[in-house]
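Enquirer: Below, each chain spelled out in residue letters.
2 protein chains.
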Amino acid sequence: MLTPQNEDYPRWYQDVVAKAELADNGPVRGTMVIRPYAYAMWERMQAEVDARIKATGARNAYFPLFIPESYLRREAEHVEGFSPELAVVTHGGGKELDEPVVVRPTSETVINSYFAKWVQSYRDLPLLINQWANVVRWELRPRLFLRTSEFLWQEGHTAHATAADAAAYAERILRDVYEDFMVNVLAIPVLTGRKTARERFAGAVNTLTCEGMMGDGKALQLGTSHELGQNFARAFDITFSDEDGGQSHVWQTSWGASTRMLGGLIMAHGDDAGLRLPPQLAPIQVVVLLVRAEGGAGERAAGLVAELTAAGVRAELDDRVDVSFGRRSVDWELKGVPVRVEVGPRDLAKGSVTLVRRDTGDKTGIPAGEVAPRVTAALTEAQAALLDGARRRQEERTVDVSTVEEATEAARSGFARLSWSAVGEEGETRLAEQGITVRCLRRADGSLPVTGDEADLVAVVGRAY
Amino acid sequence: MLTPQNEDYPRWYQDVVAKAELADNGPVRGTMVIRPYAYAMWERMQAEVDARIKATGARNAYFPLFIPESYLRREAEHVEGFSPELAVVTHGGGKELDEPVVVRPTSETVINSYFAKWVQSYRDLPLLINQWANVVRWELRPRLFLRTSEFLWQEGHTAHATAADAAAYAERILRDVYEDFMVNVLAIPVLTGRKTARERFAGAVNTLTCEGMMGDGKALQLGTSHELGQNFARAFDITFSDEDGGQSHVWQTSWGASTRMLGGLIMAHGDDAGLRLPPQLAPIQVVVLLVRAEGGAGERAAGLVAELTAAGVRAELDDRVDVSFGRRSVDWELKGVPVRVEVGPRDLAKGSVTLVRRDTGDKTGIPAGEVAPRVTAALTEAQAALLDGARRRQEERTVDVSTVEEATEAARSGFARLSWSAVGEEGETRLAEQGITVRCLRRADGSLPVTGDEADLVAVVGRAY
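Chains as they are written, first to last, in our numbering: chain A, 22 to 486; chain B, 22 to 486.
Careful: at least some of the hints might be erroneous.
Identical chains share a label here; the pair holds if one copy fits it or two copies do between them.
[Claimed, not checked] Subject to a maximum C-alpha distance of 30 Å in a straight line, what follows is the list of computed DSSO-like cross-link-like pairs (lysine-lysine):
no., residue 1, residue 2
1, Lys40, Lys116
2, Lys75, Lys384
3, Lys138, Lys371
4, Lys371, Lys40
5, Lys40, Lys239
6, Lys75, Lys138
7, Lys75, Lys371
8, Lys75, Lys116
9, Lys116, Lys384
10, Lys371, Lys116
11, Lys239, Lys138
12, Lys384, Lys138
13, Lys40, Lys384
14, Lys371, Lys239
15, Lys371, Lys384
It should be emphasised that the hints constitute simulated quantities derived from the structure, not laboratory data.
The following block holds chain A by itself, in its conformation from the complex (with noise of 0.2 Å):
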């Protein structure tokens, strides 16, 4: 049914994307439809995201998508990063405009034109803005939830009153809000890091970055935080008058993470027959499946939903007895569903139901008094399975090398370590030609590094979607 990963891996996401109806090609090239089954997906990385985000002391507010194109002209490195992916409206309202005016690439330059108006004292900050939004960058090569020419994200936007507290929080929401959801509710076990100054955010300082391995060993960049020093404030004037009456320039952060993270949990988690959800994300964790309707089953099944659902879990009733049963077993397992309780007559009749785990593909005989306590204890190991799945397999495939031409190689089937030192922009610039990023730099024992040290770092680098 799906092309077999070891086969074809670019077509195996495709034909995931295409079978589990994730999402469609949009008409204009490189947009996308998100399909409910993902778009449900989405709303819950939106809400788990949206609640640690608050928890930081952050509120969310809206931004408008269109900006005139002189803002962004204002931060020289933003505007040429960000010139080629621009989509340019020129008319409006049946006119010409005066002034084109450019689709959002990110927010930075309009979020900033207000809070040079709304930052006066040091009273006002630190001053921390999130909006959920679509944005637009213009994409020649896309690939769904992957690369797409508008996508759906959250952007973060703060000002501090030193560098230190931007710099902290800068590493509060690499932390606190995307390592956390990542590996806590994705099961992905991300390595963060800083990119390296070639692979930084145009306009920041220092980026920070959590990066995934994929299914066949590549990289995903899943979610970033920057520090962007004053080089906003300054193009914008922010200024605040500090407790001494001086005037300064605030210090800044951005940071998001977008619907690519759908594409890498489809990629760190799935397997040949299909998707492979972590319960926490799961929109459906359990799915009630009738065998058969006779002997009382259909009621019983119904009713196992309801307990279910009463005990937290979200539980959906399958009562399609009119297809076979083995083709929605099938469609179960593409679409991930974490946890599967077959109700049958013959099963029920000697008070059993059977339990199986979509991860291992466990099967197991469970009384049927017992369903609710039975899957919960599942979803939770079904939850920690994932992520040790993903762990072993990053493990093994991300080797210790010392030289590029050594890491060169080990890029073809994972992720090689070596001395930054050992590769510098002069080795960064031939791992390029060979299709190969830095994907990180890291300290020897794995800790992010603080701002400015350069001293002692590892690279870790591989190839990346």
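Start from chain A and add chain B according to the hints.
Expert: Same frame as chain A, but now just chain B:
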């Protein structure tokens, strides 16, 4: 501080929007920045409306922002209606596009091109889809929240096997989603009815509407639900095979409500001191206002916030004792927080605190040990009182008349009710010359006319935003 309503109502509106920090004008004409306090209200609107939409069986999805120009032309009335308001992207990725794309003014055309693919058989029906998105309609006379070139909304799109099923669903959305939400959460006693042909959505065969009366007696259309007949089904060739194997076009609905509801919320309840938010919607339902920190009042105030939060109340502490008590009170009034609890050492010494209702201004001393139940009761009362007040105003300002001339006179201060047969299309044109519109057609008993029912209808006419 605010311009009084009876001096200059539009100016009062602008003042509230600016001073309560609800929104700013965007840099591109007609666009807006929704600031955190107003966005928090929008998030509550989204949560309440979304839950009601899902309860009708619809699922959320996401369709692209960009629509090929050619798609809009497929439905003749639709393109005619929207052409003057379109924003057009002519350049993408540094090049001129082969075919210009429009920024969606609404998504019928793009969504229906997918419905044509997804709907094959009667088993696929009804197909019930909703999306939360931004849309763009170029606006020459923008007003924050009420008319903006970009706004946020939800738009639902459905396909059904029969005209009757589509009609019933369109009415269900009007009643169970919009009217229920507007009456019970927003506390706005909306009139429901049918639009005249002149006021109908471009491409619809029937438009149902919820109309609210604002503080100045003018109407605001707060949500609409359309029967599209088979117009888009024919334009996009959406057919299904029925149980007998025959092919038929589907019957459709679409329906939407937007950030315009924020404008309605301001104008339905606001007074000369600012917003008055219904507790069901208010992001902050209660502020505990510390008068002075002495005598354990600080600890007690913080404790009360914890107590209220534990009781399920959205409570916030204001312990900024370095800002004058008067100024803080005025600010919370401006922000429309439904209940204030004032905690000061003098009252506390007598075991009491002061409860202040925003809607009535009533101040009551209550025992400090009974804050949670008293606040909960006050919130319930305030919710009912705001709805009652709005209903009373609407009744007082709606008069029964017999002629278009009398209706024109009555519409100076509110709504006029008269027989639709005394108006007709000719009368509607005369009213339009005076800036007056038929807001909706209803049956004499106030109920919704069924499709095709033209006899004995009552027209409600008024000025509108």
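Enquirer: Next, verify each hint and record whether it holds.
Expert: Here's how the hints hold up against the structure:
no., hint, result
1, Lys40 x Lys116, "neither (43 Å within a copy, 34 Å between copies)"
2, Lys75 x Lys384, "neither (40 Å within a copy, 33 Å between copies)"
3, Lys138 x Lys371, "neither (72 Å within a copy, 45 Å between copies)"
4, Lys371 x Lys40, "neither (36 Å within a copy, 70 Å between copies)"
5, Lys40 x Lys239, "within (23 Å within a copy, 51 Å between copies)"
6, Lys75 x Lys138, "within (23 Å within a copy, 40 Å between copies)"
7, Lys75 x Lys371, "neither (50 Å within a copy, 38 Å between copies)"
8, Lys75 x Lys116, "neither (42 Å within a copy, 40 Å between copies)"
9, Lys116 x Lys384, "neither (65 Å within a copy, 56 Å between copies)"
10, Lys371 x Lys116, "neither (75 Å within a copy, 69 Å between copies)"
11, Lys239 x Lys138, "neither (44 Å within a copy, 33 Å between copies)"
12, Lys384 x Lys138, "neither (61 Å within a copy, 37 Å between copies)"
13, Lys40 x Lys384, "within (25 Å within a copy, 62 Å between copies)"
14, Lys371 x Lys239, "neither (48 Å within a copy, 69 Å between copies)"
15, Lys371 x Lys384, "within (17 Å within a copy, 67 Å between copies)"
In this structure, the earlier hints numbered 1, 2, 3, 4, 7, 8, 9, 10, 11, 12 and 14 are contradicted, and the remaining ones agree with it.
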